[in-house]
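Asker: If you want the building blocks of each chain, they are given just below.
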Amino acid sequence: MDRIVIGKPVIAGSAEGVALVSKQALSLWGGLNAQTGEIIDRRHDRSGAIVTGKVFVFPQGKGSSTASAILLESIKAGKAPAAIINCKLDPILALGSIIADELYHRTVPIIVVSQQDFDLINEGDHVVIEPHGTISIKAHM
Amino acid sequence: MSVVLSEKDRRMLNGEHGQAAKLAMSILVRMAEVYGATEMMDVTQAHIDGCGLLSDAGLEFAETLAALGGKVSIPTTLNMVPLDVQHWREQGVPEDYAAKALRQIKAYADMGCVPTCTCAPYQGYLTPRFGQQIAWAESNAIVYANSVLGARTNRYGDYIDICAAITGRVPKYGLHVKPNRKGQLLLRLVDIDPAIWRDDAFYPVLGHFLGRVAEDKISVIEGLPAEASSDQLKALGAAAASSGAVALFHAVGVTPEANTLEEAFQGDMPEQVMEVHFSDLLTARAELSTVETGAPLGAVVLGCPHFSFAEFQQLAQIIQDEQGQSVHPGVQFIVLTSQQAFSLLQRSDLQDLLTAFGVQIIMDTCVFHSPVVHADVKVTMTNSGKHAYYAPGELGVEVAFGSMADCVRSAIKGCVCRGEASWIES
Chain H
5 MDRIVIGKPV
15 IAGSAEGVAL
25 VSKQALSLWG
35 GLNAQTGEII
45 DRRHDRSGAI
55 VTGKVFVFPQ
65 GKGSSTASAI
75 LLESIKAGKA
85 PAAIINCKLD
95 PILALGSIIA
105 DELYHRTVPI
115 IVVSQQDFDL
125 INEGDHVVIE
135 PHGTISIKAH
145 M
Chain A
4 MSVVLSEKDR
14 RMLNGEHGQA
24 AKLAMSILVR
34 MAEVYGATEM
44 MDVTQAHIDG
54 CGLLSDAGLE
64 FAETLAALGG
74 KVSIPTTLNM
84 VPLDVQHWRE
94 QGVPEDYAAK
104 ALRQIKAYAD
114 MGCVPTCTCA
124 PYQGYLTPRF
134 GQQIAWAESN
144 AIVYANSVLG
154 ARTNRYGDYI
164 DICAAITGRV
174 PKYGLHVKPN
184 RKGQLLLRLV
194 DIDPAIWRDD
204 AFYPVLGHFL
214 GRVAEDKISV
224 IEGLPAEASS
234 DQLKALGAAA
244 ASSGAVALFH
254 AVGVTPEANT
264 LEEAFQGDMP
274 EQVMEVHFSD
284 LLTARAELST
294 VETGAPLGAV
304 VLGCPHFSFA
314 EFQQLAQIIQ
324 DEQGQSVHPG
334 VQFIVLTSQQ
344 AFSLLQRSDL
354 QDLLTAFGVQ
364 IIMDTCVFHS
374 PVVHADVKVT
384 MTNSGKHAYY
394 APGELGVEVA
404 FGSMADCVRS
414 AIKGCVCRGE
424 ASWIES
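In order, the protein sequences belong to chains H and A. Quick note on numbering: my numbering labels position 68 of the first sequence as 72, and the sequence is numbered without any gaps. Quick note on numbering: my numbering labels position 356 of the second sequence as 359, and the sequence is numbered without any gaps.
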C-alpha cells in the first residue's frame with residue numbers, strides 16, 4: 005500500500021527514485037566519491053552503495069565543511085542522488101544544492117521529515133517527492 | 004517568513020556593489036531561508052575552506068567570483084590548499100593537477116584572502132578574540148574557534164565562506180546568538196585515571212567518543228584537566244567534528260564559556276547526562292583502528308590538523324629518546340604543517356634532527372587532498388582521530404591509531420606497535 009508523508013522542503017523540487025536507506029549520519033566529504041557516487045566511509049552502514057539516481061535517506065549530515073563541495077561536484081558530474089531525505093537539517097548539504105543551482109541551474113531536492121516518517125521509508129521503496137514536500141512511498145515488493 | 008535585509012544588503016543583492024557581491028548575497032539570502040533566519044548580521048573575519056578541495060565545480064565557482072571582481076571586505080584567511088605551494092614538484096604531484104590547484108589558490112588570493120594555507124588558523128595569524136562574530140569553515144577550525152576561543156561561528160560549509168567574506172554578512176542564526184550556545188548534553192568523566200591525561204592519545208579518543216554520542220548537540224565535559232593544552236584541545240575538537248556534526252563543546256574550568264557548570268548550561272538543566280567510563284574510551288580507541296598491532300606499516304601521518312611548533316618540539320623529544328634510530332626504509336613519515344610553524348622550526352635547532360630521522364615535512368596542504376602518500380601504501384598510522392576517521396575512505400588504506408610515541412616507534416620497526424601501558428583496564 006502506498007504511504008504519503010509530508011516533509012519540510014529545505015531545497016524544494018520534484019524527484020523520484022528508489023530509496024537507499026541508512027540509519028547513520030554521513031559526512032559527504034570522506035563519505036562520498038563525487039565522481040562515482042559510491043559511499044566510501046568504510047565505517048558507514050552503506051559503505052560501497054551507489055547513491056546516483058537514488059533517493060538517499062539518512063538521518064543527517066555531519067563532519068566536514070567540504071560536504072557542500074562534494075554534493076556540488078557530484079551534481080556537476082551527474083553522480084548525485086535524485087533527492088536527499090534527512091531527519092535533521094544540515095545546512096552544509098543545502099548549501100551544496102544552492103550553489104549548484106546558482107552555477108548550473110540544477111539542484112538535488114532536500115526534504116526533512118520527522119523520525120516517525122523517516123522510519124516508514126524502507127530500502128528499495130519507490131519514492132516520489134513533490135515540490136511542496138509531499139513524499140509518496142510505494143513499498144518494494 | 005523571509006529575511007529582513009538592510010539597505011546595504013539590498014544594494015548588494017541588486018548588484019550595486021558589483022556582480023560578485025550580488026551572487027554572494029543571493030546565496031546568503033537563500034541560506035537565510037534554509038536556516039529560517041529573520042535578519043542578517045555583520046561578521047568581522049572569515050576563514051575559507053573552499054580553497055582546499057580541488058574539484059572542477061569548486062574551481063569554477065572561485066574563478067567565477069574572482070572574474071566578477073569579487074573582493075573580501077573583512078580579514079580572510081585561507082585553509083589548507085590542494086598542494087604544497089613551493090615543493091609540489093619534488094613531492095611528485097602531477098603537473099595537470101598542480102596547474103588547476105594553483106589557479107584555485109590564485110583566484111582566492113586575487114580576491115584578497117591572506118594565503119595562510121592552514122587548517123589550524125587559530126594557532127597562527129589573525130586569531131579571533133572572545134565573542135567575535137566570524138564566518139569560519141573547516142570543521143576542526145570551527146569547533147576550536149567556538150569552543151576554545153569563544154568566538155562565534157556556525158558550521159559553515161565550502162563556498163558560503165567566501166560569500167560571507169565578500170559581503171561581511173551572514174544570516175543571524177545558530178551559534179552566533181548566545182542562548183543557542185548553551186550546553187545540552189553533560190558528559191561526566193568518571194573513573195578516568197589521571198595518568199591517561201599525559202597520553203596524547205586521550206584527547207582524540209575522547210573527541211571521537213564525544214562526536215559519536217553528541218551528534219550535533221553541544222556537550223559539556225566535566226572532569227577535563229585544567230592544564231589541557233591548545234594542541235590537545237585541537238586534537239579533541241578535530242576528532243569530534245569528524246565522528247559528529249560538532250561545532251561547539253564546553254569543558255568546565257577549561258573553555259571560556261564554561262567557568263562553571265551553571266555557566267556552561269546558562270543556568271538551565273542539561274537535556275541529558277551521560278557518564279563516560281574508561282571502558283567507553285577503550286571502545287572509542289579501538290574504533291579508530293582498522294588493523295591490529297603488528298600489521299606492516301606504509302606511512303605515518305602526523306599533523307592533522309596542522310602541526311604546531313610545540314608539536315614539533317614534542318616529536319623531536321620522542322625521536323631523541325629513540326637514540327639515533329631512524330625510520331624503517333619502507334615507511335614514509337609525513338608531518339603536515341603550515342608555513343608559519345615551519346618558519347619557527349627553521350629558527351630552532353630541531354630541523355636537522357627530524358630530517359636525520361627521516362621526517363618528510365609537507366606544508367600548506369593535506370594528504371587527503373594532495374597526492375603525497377605513495378600509491379603503494381596500504382596502512383597509515385596516526386595520532387589524529389580525524390585522519391583515522393577519514394583515511395580508509397579518502398586514501399583507500401587501513402589505518403592504525405596510536406600516540407605520537409607509538410607512531411615514532413612503529414615507523415622505526417616498520418610495523419604497527421602501541422604502548423598499551425596506560426590503556427590497560429585496571
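These aren't lab readings, by the way, just hints derived from the structure by calculation. Beta carbons: idealized from backbone N, C-alpha and C, even for Gly. One or more hints might be untrue.
Sample of chain H residues facing chain A (criterion: CB under 7 angstroms; computed from the structure) [what the hints assert, rightly or not]:
#, residue
1, VAL14
2, GLY17
3, LYS66
4, GLY67
5, THR70
Chain H regions said to be covered by chain A (calculated; three or more residues, Cβ under 8 angstroms) [as the list claims (entries may be wrong)]:
#, segment
6, 40 to 50
7, 97 to 106
8, 129 to 143
Asker: Do three or more residues from the segment 40 to 50 of chain H put their C-beta atoms closer than 8 angstroms to C-beta atoms of chain A?
Answerer: holds (count 4)
Asker: Examine the segment 97 to 106 of chain H: at least three residues should have C-beta closer than 8 angstroms to a C-beta of chain A.
Answerer: holds (count 7)
Asker: Does the closest beta carbon of chain A sit nearer than 7 angstroms to the beta carbon of H/VAL14?
Answerer: holds (6 angstroms)
Asker: Would the stated hint for H/LYS66 survive a check requiring a Cβ distance to chain A of less than 7 angstroms?
Answerer: holds (4 angstroms)
Asker: Counting residues of the segment 129 to 143 of chain H with a beta carbon closer than 8 angstroms to any beta carbon of chain A, are there 3 or more?
Answerer: Our answer is that it is violated, as 0 residues pass the Cβ test (under 8 angstroms) against chain A, missing three.
Asker: Just to be careful: measuring from the Cβ of H/THR70 to every Cβ in chain A, is the smallest value less than 7 angstroms?
Answerer: holds (5 angstroms)
Asker: How about H/GLY67: closest beta carbon in chain A under 7 angstroms, or not?
Answerer: holds (5 angstroms)
Asker: Report holds or violated for the interface hint on H/GLY17, using the least CB-CB distance to chain A and a cut-off of 7 angstroms.
Answerer: violated (13 angstroms)
Hint compliance for this structure: hints 2 and 8 are broken, all remaining hints hold.
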